[in-house]
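Visitor: Line by line, the protein sequences are chains X and D.
Add 45 to the 1-based position in the first sequence for the working numbering, that's all there is to it.
Add 2 to the 1-based position in the second sequence for the working numbering, that's all there is to it.
Keep in mind that the hints are not guaranteed to be accurate.
To be verified - Per the computed footprint, the stretches of chain D lying under chain X, defined by three or more beta-carbons under 8 Å from a beta-carbon of chain X, are:
(1) 90-100
(2) 194-201
(3) 276-282
(4) 426-432
Quick caveat, the hints were computed from the structure, so don't treat them as lab data.
Don't be surprised by glycine CBs; every beta carbon is placed ideally from N, CA and C.
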Amino acid sequence: MMLELFTQHPLLAATGALLLLGVGFGALLGFAAVKFHVEGNPISEQVNALLPQTQCGQCGYPGCKPYADAVAQGDEINKCVPGGQATVEAIADLLGVEPTALDAEEKPKQVAFIREDECIGCTKCIQACPVDAILGAAKHMHTVIVSECTGCDLCVEPCPVDCIEMRTIPQSLQTWTWTLPSPIPPEVIASDREHAA
Amino acid sequence: MRKTFSIHGGVHPPENKHQSVRTPIRFAGIPSELTYPLSQHIGAPAEPIVAVGDRVLKGQKIAEAQGFVSVPIHASTSGEIIAIEARTVPHASGMSARCIVLKPDHEDRWIEHAGIADYTQEEPAALVKRIREAGIAGMGGAGFPSAVKLGIKPGTVIQTLIINGTECEPYITADDILMRERAEQIIEGVNILTHIIKPKETLIGVEDNKPEGIAALQKAAAGTRIEIVPFPTKYPSGGEKQLIQILTGKEVPSGKLPADIGVVCQNIGTATAIYRAIVHGEPLIQRITTVTGKAVDEPQNLEVLLGTPLHHVLATAGFQADKADRLIVGGPMMGFAMPHDAIPVVKTTNCVLAPTARELPPPPPAQACIRCGMCAEACPVSLLPQQMYWFAMAKNSDALQEHHLFDCIECGACSYVCPSSIPLVQYYRASKADIRLQEQEKRKADYSKQRYEARQARLQKLEDEKEAKRKARQQAAANQTSAPAANDAQAIIQAAVERTQAKKQTANDPAAAAIERAQAKRDGRAPTDDNPLETARLAVASTEKRLQTAREKLAQAEAEGSDKVDAFRTGVEKTEAKLSEARAALARLEHQTTSATPAASDDPVQAIIERAKAKRAGLADDEDPIAKLERLLASTEARLQATQEKIALAESEGSDKVDALKTGLEKLNEKHQQLTAELNTARASQTTEGQ
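Here chain X stands alone, though its shape is the one from the complex (with noise of 0.2 Å):
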């Protein structure tokens, strides 16, 4: 009765057909994302992996993570000061857009330094600094742990008696590296150079 139906019909039999098929994906597709749910947002997470996490706000979000949300949202990819341009391109690579020039200008990495004597032991900056590197208690003296410190100026603003300053990382013979020789001017042979110097 129904096959003799679907045969002398056949735009009913493609259409039931397709009916059923659209039911059964349907039904596997709705399956699939119940059971192969990601938590998060993937992209947000690499995105969070490439950025320096000195939590600064420096790009106008409250953390790193915030803003590693905000660029998987489509947000500029240039705001990341403390990473620079390195982060910039790391994040272009990623997202597989088109490299920006920094929001702003790139800093040689610095640390905050207390200046003991000046201290009053108010507990300010402890409390704004998001990575614990301050150590001290109320009317004692604090000071930065400079390897845990990682330069995000946030103690700087607190602080009533304005004695914390950043300073730029001296460089040592340990953090001095070669520099990768100035490119070579392809227009120019070596004796055309010659006469022109």
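Given chain X's structure and the hints, the job is docking chain D onto it.
Guide: Then chain D, alone, in the frame of chain X:
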């Protein structure tokens, strides 16, 4: 003759070694000032243990090793420490670093030191410790702490000990001359090393361009298990991994150490230093340095005290400053040009090269890469230098690592053969540094993230705890005021009513009495009110009542967590103060009354009057005799107990009053017995009367 293997690539630059081996080793003398950089080796810089102004002896330790991969530094002559400050150090950067500066007193007095007569009796670990204490770091050029290399992990079997006498870099002859003149010391040092690491075989690899050295070593090694292996000259055969490959045919896998394939490699100069440290107890304070180049009149090998400035070394060899184009520390292939000649000789300085501009012309300007592939042919590690060059320019670190950038030994063979004079090695060095920096930053970022998240978690936990506490308080307050609270309130009211009734029933309740009296007064009856004592009593009672109410309110407020707690508390305190005032007033009044009329009882005035009347009637002791006896008995018992306690105390203190107290106790006992007897009699008589 042992079979040797060949390495890929390699170059044959002009050797220029003969100039400096014409004369024997000469001592360079004590300069006017010695400088000891704290970082002369791979690893953590040493830390000074002397202060400015200290006088030190030759061989005295002046800086202590910091950490495992580090070595101490010793004074190379006696003198005075005149500074600990930043000075230019022999480093590719030409930067300054902390140095200890010593002014020699030219007495050259040794500190007390002693060698080990028979090292074969010593534990290897003790010998390794001595080597570390002697400050010995690899003297071939890299300066890796020797003791670290010799500290073999337990369980690792070392198949081959290789002594590196290759010295493949042009111009340098420090090891060559050492072999020629001090072969016995080298062999003795090798014997010590053999004793420490107990290898199955010991090889000394020497390039065949040093026939005199090979002959001397063979003569000195005769009768030992040490094998001298000559092999064809080629740069860079002297690289540790290259030499291992040449002598054993085994390649050290990428990212592994020689010890992983059962090989330990040490330099010939290091072997000599170990010999001096173990047999003579002398720390590493001097080394042999080749001074050569066309700007030097007498190229030669000098025995130089560590810390000697280059100008002193150069002057000893007849340096023509105007002829020199550059000053290179190390060889022409891997050495670094120095900014000036006040830089000291350190543990790794095997050569000071002062070439003329003609001899070693500065590299011509680099031209474009023509993809000729000569660099790939020259590379001893079989890398693809031209590919890496492009990736380095593009800063493509992933591709660089895929092309095994970190296996590059920076020998410079590729740059040497490059027809376009591209400074290829510099690209690799820069790229390596860049990748290391990125990795370091990544680690730091991960660490910061971890700390940040830990902090966030901690703050969240504190916040949650606060919230939980607040909730609990809220709950407690709700419990008191809502549904079940109604019952409570009723119960409280009920209790209050009952209390009031009970009070009313007790005739002696002053408040009730006062109320009654007040009512009576209103009715115009009892004028008892005029009695000030009664007024005071009334005040005390009413204050007590108010205090009780206030306390109840406070308790309720506290349970609810209300902000009025403080106000209630103040109220309670004030009421308490008033109560004590009222009580004091009452006590005063009572005292006055009592002095007038003794003993106030429940209805005091009445009782007093009655008692006074009774007294007057001579019936003062009309009180129940049994009650009186009981009272007396109780007081006697109390005294008895107190006396016993006093005795115990006196005994424990060893006081001399014990006897007196004991007499008192006996008397009290007697009295007690007497009273008990009287009481019994009285009771008996009463019972009889009642019947």
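Visitor: Out of the numbered hints, which ones does the structure contradict?
Guide: Result: hints 2 and 3 break, sorted rising.
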